[in-house]
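Construct the entire structure; sequences and hints are all you get.
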Amino acid sequence: MTNTFKQLLDTKDVLLADGATGTNLFAMGLQSGDAPELWNVDEPKKIMALYQGSVDAGSDLFLTNSFGGTAARLKLHDAQGCVRELNRIAAELGREVADKAERKIAVAGSVGPTGEIFEPVGAMSHALAVEMFHEQADALKEGGADVLWLETISAPEEFRAAAEAFKLADMPWCGTMSFDTAGRTMMGVTSADFAQLVEEFDNAPLAFGANCGTGASDILRTVLGFAAQGTERPIISKGNAGIPKYVDGHIHYDGTPELMGEYAVMARDAGAKIIGGCCGTMPDHLRHMRAALDSRPRGGRPALEQIVEVLGPFTSDSDGTGEDAAAGGERRGRRGRRRA
Numbered sequence: 001m002t003n004t005f006k007q008l009l010d011t012k013d014v015l016l017a018d019g020a021t022g023t024n025l026f027a028m029g030l031q032s033g034d035a036p037e038l039w040n041v042d043e044p045k046k047i048m049a050l051y052q053g054s055v056d057a058g059s060d061l062f063l064t065n066s067f068g069g070t071a072a073r074l075k076l077h078d079a080q081g082c083v084r085e086l087n088r089i090a091a092e093l094g095r096e097v098a099d100k101a102e103r104k105i106a107v108a109g110s111v112g113p114t115g116e117i118f119e120p121v122g123a124m125s126h127a128l129a130v131e132m133f134h135e136q137a138d139a140l141k142e143g144g145a146d147v148l149w150l151e152t153i154s155a156p157e158e159f160r161a162a163a164e165a166f167k168l169a170d171m172p173w174c175g176t177m178s179f180d181t182a183g184r185t186m187m188g189v190t191s192a193d194f195a196q197l198v199e200e201f202d203n204a205p206l207a208f209g210a211n212c213g214t215g216a217s218d219i220l221r222t223v224l225g226f227a228a229q230g231t232e233r234p235i236i237s238k239g240n241a242g243i244p245k246y247v248d249g250h251i252h253y254d255g256t257p258e259l260m261g262e263y264a265v266m267a268r269d270a271g272a273k274i275i276g277g278c279c280g281t282m283p284d285h286l287r288h289m290r291a292a293l294d295s296r297p298r299g300g301r302p303a304l305e306q307i308v309e310v311l312g313p314f315t316s317d318s319d320g321t322g323e324d325a326a327a328g329g330e331r332r333g334r335r336g337r338r339r340a
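The sequence shown lines up with residues 1 to 340 when you count with full-length UniProt numbering.
Treat the hints loosely; a few may be bogus.
Distance condition first, Cα-Cα at most 30 Å in a straight line; then the derived DSS-like pairs of lysine-lysine [what the hints assert, rightly or not]:
hint : residue 1 : residue 2
1    : 273       : 6
2    : 104       : 75
3    : 273       : 167
4    : 6         : 167
5    : 245       : 46
6    : 45        : 6
7    : 141       : 100
8    : 141       : 46
9    : 100       : 273
10   : 46        : 100
11   : 141       : 273
12   : 12        : 141
13   : 6         : 104
14   : 100       : 12
15   : 12        : 273
16   : 6         : 141
These aren't lab readings, by the way, just hints derived from the structure by calculation.
Below, the structure written as structure tokens:
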């Protein structure tokens, strides 16, 4: 195994991650409802083009096309027997792109949620989840991933199952949750809760943070929440390119490349070490983010008022860590979203 990711984390002031998977693959012809992971076998050149787009835009790392690569997710496409093949090839294609680059590029093996609700509320057991995540992790390791990248998680139970699986696979990892319900995950986790959760494990993640969620403003408030806990662990911020809007029959994200450049700088100043995009983030967004990070000096941590002034209003009054924490109401379960 290579240790490129750890080297980059240790030597660079800030790392630029990649952008969206779905948005870019839809532009290449992927149809809604299709499993992107099947393209690892059926359209490998397009998957390599996805990876190359991030590298060419200046990313230091990119995530593999394996977000829905557990047996639970692939079963929806009658492909549950292809977990090893699809994940291994996702990483192999990434390894090929990274290894021919003129600079060090890390390949992060994307691991998304199972889409199932855990016991006792749902049917997913801890043991079965560990088994599924372990199967995926081993395949990504076999394909040459530098690090595993757990993303868009909502429930602590699922995060713990993945952490156990990654320990069994003997792989370093990072983990993010999606804070999209008034500053909490759909299962009620706050930024403060999550900062404490990641310290539970003897195989703790190399970095942790937030991805997806709502707009750029909201994820920065969450990043500030992580930093306020005094964590010394590197923080990840992979926010959406603005707010999704339904235009002419399609989902469109209103964040411009210029806005994402501003977001990247503010995420760095808020305390993030690894900064990227999620839904709606295209290579042009990444180019502006790279340029902004490289050209603009560090500043102080932005106040909430500054974030609103530059990036727009928050979608909720609070991030769930203040006086409203006890008034969150019932949290409904959800099936994890992929990085659109």
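Quick rundown of the hints versus the structure:
For the hint linking residue 273 to residue 6, the alpha-carbon distance of about 13 Å falls within 30 Å, and the restraint holds. For the suggested pair residue 104 and residue 75, the alpha carbons sit about 35 Å apart, so the restraint of at most 30 Å is broken. With a C-alpha separation of about 24 Å, the suggested pairing of residue 273 with residue 167 holds against the 30 Å cut-off. At roughly 17 Å between alpha-carbon atoms, residue 6 and residue 167 fall within 30 Å of each other, so this suggested pair holds.
Using a Cα cut-off of 30 Å, the hinted pair residue 245 and residue 46 holds, with the two alpha carbons roughly 26 Å apart. A distance of roughly 28 Å separates the Cα atoms of residue 45 and residue 6; the hinted pair therefore holds under the 30 Å criterion. At roughly 19 Å between alpha-carbon atoms, residue 141 and residue 100 fall within 30 Å of each other, so this suggested pair holds. Proposed proximity of residue 141 and residue 46 is supported: the alpha carbons are some 22 Å apart, at most 30 Å.
Restraint check for residue 100 and residue 273: satisfied, since their Cα atoms lie roughly 25 Å apart, inside the 30 Å limit. At roughly 17 Å between alpha-carbon atoms, residue 46 and residue 100 fall within 30 Å of each other, so this suggested pair holds. Straight-line distance between C-alpha atoms of residue 141 and residue 273 comes to about 24 Å, which keeps the hinted pair within the 30 Å bound. Only pairs whose Cα atoms come within 30 Å are accepted, and residue 12 paired with residue 141 is accepted, the gap being roughly 24 Å.
Restraint check for residue 6 and residue 104: the C-alpha separation of about 11 Å stays at or below 30 Å, so the hint holds. Between residue 100 and residue 12 the CA atoms are separated by roughly 20 Å; this keeps the pair inside 30 Å, and the hint holds. For a cut-off of 30 Å, the pair hint linking residue 12 to residue 273 stands: about 9 Å separates their Cα positions. Taking the CA atoms of residue 6 and residue 141, the gap is near 15 Å; set against the 30 Å cutoff, the hint holds.
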